[in-house]
Amino acid sequence: LPQSYTPTVFERLSVNLEMKGRPVELQIWDTAGQVDYDRLRPLFYPDASVLLLCFDVTNPHSFENIFNRWYPEVNHFCKEVPIILVGCKTDLRKDRSLVKKLWKNKLEPVTYHRGQEMARSVGAVAYLECSARLQENVHAVFQEAVKVALSSRSRNYWRRITRSFCVLT
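Residues in the sequence shown are numbered from 523 upward in steps of one, following the working numbering.
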């Protein structure tokens with residue numbers, strides 16, 4: 523996986539993993555979250571085998587957008603596609619200056635428990651957290667995506683694992 527990430531409008535990334543001793547290639551589409559791209563984003567949904575709905579654990583607005591913006595959109599365009607909720611940037615929960623800024627605005631980082639509650643609210647099949655900066659649990663997120671995609675395929679979704687994964691941030 524890349525060490526750094528620069529946001530783009532739509533980005534495609536291939537990730538090679540091993541699942542049960544077999545090589546698997548994930549095609550990941552990181553779609554733009556800006557309102558300007560609301561009409562384009564749904565074009566990426568039809569071939570998705572699993573959706574990764576991602577939020578920044580130090581940004582309560584990002585967290586609220588899961589329920590208020592992203593879940594309604596994916597529920598409309600790809601109701602049958604399993605969702606994995608992913609809390610990102612977990613390393614920043616320990617950033618004292620950032621936490622202090624949040625507290626000044628009467629906010630706090632999103633806890634693991636609140637993430638689990640949100641996952642239940644949106645019907646996600648899993649909730650995971652990761653830190654790309656520290657490379658903590660990132661591999662586990664993609665392993666879970668493969669597992670879910672393979673499982674959904676066996677439940678007659680008729681999608682191949684090499685089809686797109688959609689990441690919303």
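In case anyone wonders, no lab produced these hints; they're calculated from the structure. Every value quoted in this text rests on a predicted model; they were computed, and no experiment measured them. You may find that some hints are simply not true.
[Said to hold, decoys possible] Dumping the calculated BS3-like pairs for lysine-lysine here, alpha-carbon to alpha-carbon at most 30 Å: (1) K616 / K626; (2) K601 / K616; (3) K542 / K669; (4) K626 / K542; (5) K669 / K601.
Here's how the hints hold up against the structure:
A threshold of 30 Å between alpha carbons decides the hint, and for K616 with K626 the separation of about 16 Å falls inside it, so the pair holds. A hinted pair counts as satisfied when its Cα atoms are at most 30 Å apart, and K601 with K616 does not qualify at roughly 36 Å. For the hint linking K542 to K669, the alpha-carbon distance of about 10 Å falls within 30 Å, and the restraint holds. Simply put, K626 and K542 have alpha-carbon atoms about 48 Å apart, too far for the 30 Å limit, and the pair is violated.
Note on K669 and K601: the hinted pairing holds, with a Cα-Cα distance of about 19 Å set against a maximum of 30 Å.
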